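With these hints in hand, go ahead and build the complete structure from the sequences.
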Amino acid sequence: MPHRRGGDRAERAVHQPAVHRHDLRRLRHPAVPPLRRHREPRSAVHRPRLRPRQHVAHDADVPLRRHRDLRGALMGVQIDVQGLSKSFGRQTIWQDVSMTLPAGELSVLLGPSGTGKSVFLKCLVGLLRPEHGRIMVNGVDLCRCTESERYQLRKLFGVLFQDGALFGSITVYDNIAFPLREHTRRTEAEIRRVVHDKMELVGLAGAEHKLPGEISGGMRKRAGLARALVGDPEIILCDEPDSGLDPVRTAYLSQLLVDLNAQIDATILIVTHNISVARTVPDNLGMLYRRRLVGFGPREILLTSEEPVIAQFLGGHRHGPIGMSEEKDAVLAAAEGTWTRTLPEIVPQLEPSPGLPVRQAVRRRQERVRAMLAVGSVPR
72 MPHRRGGDRA ERAVHQPAVH RHDLRRLRHP AVPPLRRHRE PRSAVHRPRL RPRQHVAHDA
132 DVPLRRHRDL RGALMGVQID VQGLSKSFGR QTIWQDVSMT LPAGELSVLL GPSGTGKSVF
192 LKCLVGLLRP EHGRIMVNGV DLCRCTESER YQLRKLFGVL FQDGALFGSI TVYDNIAFPL
252 REHTRRTEAE IRRVVHDKME LVGLAGAEHK LPGEISGGMR KRAGLARALV GDPEIILCDE
312 PDSGLDPVRT AYLSQLLVDL NAQIDATILI VTHNISVART VPDNLGMLYR RRLVGFGPRE
372 ILLTSEEPVI AQFLGGHRHG PIGMSEEKDA VLAAAEGTWT RTLPEIVPQL EPSPGLPVRQ
432 AVRRRQERVR AMLAVGSVPR
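Adding 71 to a residue's 1-based position in the sequence shown gives its number in the numbering used here.
No more than 20 Å apart at the CA atoms, straight line, and that leaves these computed lysine to any residue pairs for SDA-like:
{"#": "1", "residue 1": "K193", "residue 2": "E220"}
{"#": "2", "residue 1": "K226", "residue 2": "G210"}
{"#": "3", "residue 1": "K193", "residue 2": "K226"}
{"#": "4", "residue 1": "K281", "residue 2": "D234"}
For the record, the hints were derived by calculation from the structure and aren't laboratory data.
Bear in mind the structure is a predicted one, so any value in this text is a computation, not a measurement.
Printed below as a string of structure tokens:
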């Protein structure tokens with residue numbers, strides 16, 4: 072039989088154990104110790120990953136004071152905006168905006184599209200930082216406070232986003248419970264109780280297991296409002312809550328906001344284009360136009376204002392300084408000539424539903440208006 076050197080080598084390789092390259096090095100150089108991978112101590116490499124809530128200050132760092140009116144009833148927090156200016160690059164959004172959102176009252180901010188109303192809401196909650204001015208909330212300047220103070224101040228806020236901003240892949244119940252699971256250490260039993268209370272408050276009882284795609288637009292808005300309420304906020308910001316809703320659903324949502332204010336006496340700011348909402352819901356009314364605040368004050372004063380911009384917008388007519396884009400062309404304005412506007416009657420404000428307490432905000436607003444009339448400081 073012919074000798075097969077290759078086959079013998081293959082057979083020897085099968086029957087002999089494999090030798091590692093580190094062992095070969097040790098055989099050639101006996102003094103060289105076997106190579107070992109250097110490992111850091113486990114405590115230095117595998118540090119436990121802290122959740123975000125463990126990096127922020129505790130509730131005791133910045134106390135949240137609960138405010139009461141003269142009768143001792145709980146009320147919301149007043150917001151003082153002083154000389155606020157915001158721009159993106161060279162584009163100025165608005166400048167020198169000053170207003171006071173009275174504690175426990177409903178306020179509405181109007182303005183044509185693109186005037187920076189949503190940007191204003193983001194500045195109020197601390198998501199955007201203005202270049203100039205101050206936002207005083209609970210005695211703290213939101214523009215110059217520390218991160219821990221800003222985190223504590225945000226606990227005072229609840230935000231209803233324009234489209235509801237619900238997570239489409241989880242149920243309505245889980246959407247509403249999301250802030251409690253992320254930012255609190257409550258048990259599931261406590262979370263369940265709070266979520267069911269808020270869902271019943273906004274009229275969503277029985278919709279816990281439905282997905283956002285399975286409910287109507289009005290129900291999605293109410294689910295977003297319930298999520299904004301689970302933290303028991305003292306300030307509620309609503310970014311165009313009536314957007315995409317028909318007049319009937321808008322009326323229901325308006326009544327819901329009035330009832331909510333009657334029950335918890337929170338400070339509520341609504342950004343909207345809806346003139347019906349602006350006439351019937353708020354205690355105070357304001358308007359942004361051409362990078363400035365045209366006016367802000369009690370509804371009785373703004374609804375009868377002789378300011379051309381406010382009168383045109385509230386009247387919903389084309390006669391006035393507002394044009395198709397923003398400011399009307401001078402030639403077109405001159406061609407319109409003079410137009411006499413008759414002051415409309417003040418539409419009665421919405422009352423809370425039967426069985427609910429009387430809104431304390433109405434009494435406070437009326438006292439403020441009487442004081443303004445007494446000193447003759449009513450803007451026109």
